[in-house]
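Use these hints to put chain Z onto chain E, whose structure you have.
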Amino acid sequence: MSAERLSTGGSAIDRARPLSFSFDGRKVDAFAGDTIAAALLANDVAIVGRSFKYHRPRGVWGSGVEEPNALVDIAGRGPNTRATTEAARQGLVAVSVNASPDAARDRSAFLDRFARFIPAAFYYKTFMWPDWHRFEPRIRAMAGLGKVDPTWTAPEAADQINHHCDVLVVGAGPAGLAAARLAAHEGKSVLLVDEQMVPGGSLRHRDGEIDGKSTAQWITESLSAVTGAGQLFLPATTAFGIYDHNLVALNQRHQDGRPDTLWRVRPRRIILATGALERPLPFADNDLPGIMAADAALVYLRCYAVRVGRRIVIATNNDSAYEVAEALIEAGAAVTLIDMRQDGLPSAPKGVTVLRGRMIASAQGKSSVESVTLDDGTRLTVDSVLVSGGWTPTLHLFCQARSKLAWSEKRAAFLPGDPVEGIAVAGAANGAVSLSEVFTDAVRATQSPSPAPASTGREASGGVVPAWPIAGAKGRIWIDYQSDVTAKDVELAARENFVSVEHLKRYTTLGMATDQGKTSNLLGLALLAGISGRSIAETGTTTYRPPFTPVPLTSFAGPRSGELMAPVRRLPLENTHRAQGAVFQEYGGWLRPAFYGGTDAEAAIQDEARRARQSAALFDGSTLGKIEVIGPQAAAFVDFIYYNTMSTLKPGRCRYGFMLSENGVVFDDGILVRLDEHRFIVSCSTSHVGAVHVRLEEWRQDRFGRDAVYIHNATSEMATLTVSGPASKQLLATLDLGLSLADADLPHMAIGEGRFAGDLLRVARVSFTGDRSYELSIRADRAEILWRSLQEAGKAFDAVTLGLEALMILRAEKGYIVISKDTDGTTMPQDLGVDGPRTKRQTDYVGRRSLFTEVAQAPNRLQLVGLAVPDGEPPLAPGAHGILQDGLKLRSQGFVTSSYLSPVLGRPIALALIERGAARHGETIDMQHLGQKRHATITAPCVFDPSGARFNA
Amino acid sequence: MQIFTCPFCGPRDESEFHFGGEAGNTRPDGAGVPAERWAQYLYMRANPKGATREVWVHLTCGEFFVMERDSVGHKVAASQALGGAEKSE
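If you read the protein sequences in the order shown, they are chains E and Z. Residue 111 in the working numbering sits at position 111 of the first sequence; the count goes up by one each step and never skips. Residue 1026 in the working numbering sits at position 73 of the second sequence; the count goes up by one each step and never skips.
Don't read these hints as lab results, they were simulated from the structure. Backbone N, C-alpha and C define an ideal beta-carbon position, used for all residues, glycine too. Keep in mind that a hint or two might mislead.
[Stated by the list, open to error] The following label-pair restraints were derived from C-beta to C-beta distances: (1) R980(Z) - K125(E): 55 to 65 Å; (2) H1027(Z) - R134(E): 41 to 51 Å; (3) S561(E) - I956(Z): 20 to 30 Å; (4) I956(Z) - D14(E): 43 to 53 Å; (5) T126(E) - I956(Z): 46 to 56 Å.
[As the list claims (entries may be wrong)] Per the computed footprint, the stretches of chain Z lying under chain E, defined by three or more beta-carbons under 8 Å from a beta-carbon of chain E, are: (6) 954-962; (7) 985-997; (8) 1013-1024.
The following block holds chain E by itself, in its conformation from the complex (with noise of 0.2 Å):
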């Protein structure tokens, strides 16, 4: 190669803003508006990575989205970065991929001399024996892309942004830009996106004149029609994937170091002007650094001022090659130009050297091209080639949105089919060719009345000619430069009857990688069909699916990392519990005081646990739920939502009660609260409380109606404090809470009303410790008063605070359950023997049928039972089974919910879930855990105050 930037011209760059950056370590010097592609190639690189399997150098193919070889690691903006799409950026680090030491001193260029021995698939064949994962990290670290950096962390998080609007263009081309004005213009609010850096597409620098304007004066205008009509244009932005209903998803990139931003938008109708992508020739080792896409070569030459090489020759099946053909000699380059085509050809160019009715058959060079051979032997010495093997239509997102497209011979291109609803694709990606066609297409496309803008050029006289790759060719022709695939691997694939285009690119990779084939699907694919003796058309091409270019994992992400992944909840009283030594757990998604003070966890946890059962101790329960029941079905409403009858409660009095699912299966567990005749407090599992909330309005709305029942959760409006043990009584008595604690008034398992500090004050007596209890009910802002004055009356009962470890010690000792944790997905209410309403109700509730099934009724169902271990052994493992000799095996009956040392009983107790456990006790069974074997003996659940006597005490 012999590329250099000249002197004058390069609309995109700035000359008077140099700046430099290092690619492979060493130095380049660009021009702000460069893109890395466009300043490599101006300081001559010619190799700018290594192949994916076979490290063959690789050199700048394209311009845009669509480039194959030249990736780039970037640090701090993650690997195989399009170098043709990257702005330079003073001081930026740039690392070719799958190189080392670096992209032109390859250390396993070696390989590609045994390419022959390792085609399509060797890998699968070859390291079958013993087993392909012994090879597979040496293979995978010889081959690949760029590498991940597993120290990077987001600086942060990116942004997500949702948008509605009339019309969405996607592609700032001529189209584009055409249908985003007529829309601005007709007062619809637009969003115009384009995946460069700057708008204009094709006619940044392709020729042409648009209402007597030149095209950089038309581009301008056209914008500022957008823009001022106050409508939003957002560049660097690449519309990658559209999704039910027209969501359409957008990476929007920064050069300010920001994370990409991810925009989705529900346009009521999207055009699609994505232009169209020039695809390379067949010919042998057409991979070779220096051979490059003719388009490509004019964008930098007229945009970037880089005339890619000296001595050059066009290789073209169409028109669109004359006009870069002309620009070179224009610009100082020999230009021999070789069309495939025979007849209608374009007049030439003055000084362009035409060759009509030839291809090029093979190219030579090391590490880059130096001559070619044309089909007739004549060799020409160049030091670069531009081919254009013809324009495939940028379809991806149509396709996405589940149409088809139809083949079109004339065109040698895939073009759209059956329409979408509310999807409209204009332009070159419409199969339009000259201006004219592409303005007319655009304003069709807004089904504007409005004529299309008056324009002149790329007039095309000739069409295009087939340019397929031909099976049993001479040499390696390649077809994926990404996955490194080559005319013979289709062959291969072929050959063992992989024909349809699914298989093939599974079985050579074809089409996969970072590119996702853009420029090498068609040229597969035509091959495959040319081979399997079918056309292009019923050959077909694979699924398109999102993204179109690969997006970072931060921009899906946004904010939802870390702490933000799945918040948890938190406690109006937080912050006064973490004054007070809190340790804080995360339980049923709340964030809870597991134990107060001290790093001891387990000596704290046995102390408040001791302690709470000698005198006073408090207790922040406020994440129990509370859903209020209302209206005047209300009470048949609780009777069909509880396996237990509520309707008999009394108003004022609580009931403890199941609820099941149809299945029969224990779903939750609570107090039910009846405040008067029509109004009940649903007292329900503090992780339960939005999934019971849920299932009491589907029941309210299915079978009771809206004006029978109202249902409304409080659970976050009041906090609910505690105070339990033998001393509570008293430490109230202390406390101004305006109603009588006599136990006349107010007996266990009731509730009263008062006030406290003028607020609302509910006092339920009811007790999940097994000790006389008190729950005090308050507005949640309102309870750090409450707290405060009952801290500061319980120092004189030496009262402990409770957190959650040491309450589930006492809950245990009762025989109390916690749903989930002592029950599963098969406990029904009588394994936890409450088996009255089974056999007692006569009117219907959820579950109940499936309690009278044959599972429901069979002899060896799991049963809620305690267990009790030898003295002086340690507590029994959580999760430890009951195990039973069963002929030559051993199999569970059983296993451990729940396993605790009980500071007041001085041993260790256990509930569990044991086959026929309710009419065990007494027994002793073995018990097994990660191999280790005990004994234990079925007890009660309840092993502390069986009777019940300090309920009162």
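Leaving out everything else, chain Z in the frame of chain E:
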């Protein structure tokens, strides 16, 4: 992401909704329901390809409703409140 129409709130993103089951799965009441009928109610689903009638819940307003949609093309035909009183596009 699809757009569903809540009969009460209008068109919203699918992330605001939860699937509630196939519509028309009537609950047989009573302890004497035959086991086959009860199993049908609990477990058997038609899972049609094409036009479906489904119960969905709009989580942000809490209302359950019936939605008619196509399980292949994902086109939403109509939504109606339980009981069929209100109808919307």
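Going down the list of hints, with the structure as the test:
1. R980(Z) - K125(E): 55 to 65 Å: Holds: the Cβ-Cβ distance is about 58 Å, inside 55 to 65 Å.
2. H1027(Z) - R134(E): 41 to 51 Å: With Cβ atoms ~45 Å apart, the hint holds.
3. S561(E) - I956(Z): 20 to 30 Å: About 27 Å separates the Cβ atoms of S561(E) and I956(Z), which means 20 to 30 Å holds.
4. I956(Z) - D14(E): 43 to 53 Å: 44 Å Cβ-Cβ, so the 43 to 53 Å window holds.
5. T126(E) - I956(Z): 46 to 56 Å: 51 Å, holds
6. 954-962: holds (count 3)
7. 985-997: holds (count 5)
8. 1013-1024: holds (count 3)
In terms of the numbered hints stated before, the structure departs from none.
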